[in-house]
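K.L.:
Sequence:
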Amino acid sequence: MNKMPAMWDMGVPGPHKAAYLERYAEPDKGWEDRAEARWPAPYWYIDTGMAALLMPLSAIDEGLDACFFGIMPEHLLPFRAEFGVPEAYDPIGGITIGYRADDLPPEGPQVAERRRGADEVIHRGHWGRHG
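Residue numbers for the sequence shown follow numbering that gives the first Met the number 0, beginning at 0 and rising by one.
Take the hints with a grain of salt, since some may be wrong.
Claimed, not checked - What follows is a list of derived Cβ distance ranges for each label pair: (1) Trp7 <-> Ala50: 15 to 21 Å; (2) Gly48 <-> Phe78: 34 to 40 Å; (3) Pro41 <-> Gly127: 26 to 32 Å; (4) Glu25 <-> Arg99: 19 to 25 Å; (5) Val120 <-> Ala36: 40 to 46 Å; (6) Gly127 <-> Ala80: 43 to 49 Å; (7) Arg128 <-> Gly48: 22 to 28 Å; (8) His15 <-> Pro39: 45 to 51 Å; (9) Leu52 <-> Trp30: 39 to 45 Å; (10) Asp60 <-> Trp30: 32 to 38 Å; (11) Gly116 <-> Ala40: 39 to 45 Å; (12) Gly29 <-> Trp7: 40 to 46 Å; (13) Asp60 <-> Pro26: 36 to 42 Å; (14) Gly29 <-> Arg115: 40 to 46 Å.
Treat the hints as calculated values from the structure; they're not laboratory data.
Here the structure is a predicted model, which means the values were calculated and not measured.
C-beta atoms are modelled at their ideal positions from N, C-alpha and C, and glycine is treated no differently.
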């Protein structure tokens, strides 16, 4: 992994489940309740994850660098206190955005070992069919 960028800004993506359920209970959505059972997956996390993915990609498109980092459970309360994150939000991580401190290659052998080839992760037309 590259060195963390010289920090310029930080984003904290975190879903607000109650706001999401409330929005989908509005008349234009056709649901009147806030039942979680309607959802095959917690889309408040999925949408937050998509936004978290776009933040670094957008920064890189602008010539900056970015680094997503997770927040370990034991650090969540101090993180919330330090940055004033309201209890209704559930931070999934942090994203630093800035200029690279150095132009360094990825560090450690584990970087290359973790990366699988496209034929291992892309299935064509049916699960298990590659290339």
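K.L.:
Now tell me if each hint is right for this structure.
P.N.:
Quick rundown of the hints versus the structure:
1. Distance hint check for Trp7 and Ala50: the Cβ-Cβ separation is about 19 Å, which falls inside the suggested range of 15 to 21 Å.
2. Distance hint for Gly48 and Phe78: a CB-CB separation of about 18 Å, inconsistent with the stated range 34 to 40 Å.
3. Under the hint 26 to 32 Å, the C-beta atoms of Pro41 and Gly127, about 28 Å apart, fit the expected range.
4. Restraint check, Glu25 to Arg99: a C-beta distance of roughly 43 Å breaks the suggested window 19 to 25 Å.
5. Between Val120 and Ala36 the Cβ separation comes to about 32 Å, which falls outside the hinted range of 40 to 46 Å.
6. For the pair Gly127 and Ala80, the supplied restraint of 43 to 49 Å holds, since their beta-carbon distance comes to about 47 Å.
7. In this structure the hint that Arg128 and Gly48 lie 22 to 28 Å apart at CB holds, the actual value being about 27 Å.
8. His15 and Pro39 have their C-beta atoms about 20 Å apart, which leaves the hinted 45 to 51 Å range violated.
9. Evaluation of the 39 to 45 Å hint for Leu52 and Trp30 yields a failure: the beta carbon distance comes to about 27 Å.
10. The hinted range of 32 to 38 Å is satisfied by Asp60 and Trp30, whose Cβ atoms lie roughly 36 Å apart.
11. A beta carbon spacing of about 28 Å between Gly116 and Ala40 contradicts the range 39 to 45 Å that was offered as a hint.
12. At about 43 Å, the beta-carbon gap between Gly29 and Trp7 stays in the expected band of 40 to 46 Å.
13. Judged by the Cβ atoms, the range 36 to 42 Å given for Asp60 and Pro26 holds: they are separated by roughly 38 Å.
14. At roughly 41 Å, the beta carbons of Gly29 and Arg115 sit within the given window of 40 to 46 Å.
The structure fails hints 2, 4, 5, 8, 9 and 11 (numbered hints given earlier, in ascending order).
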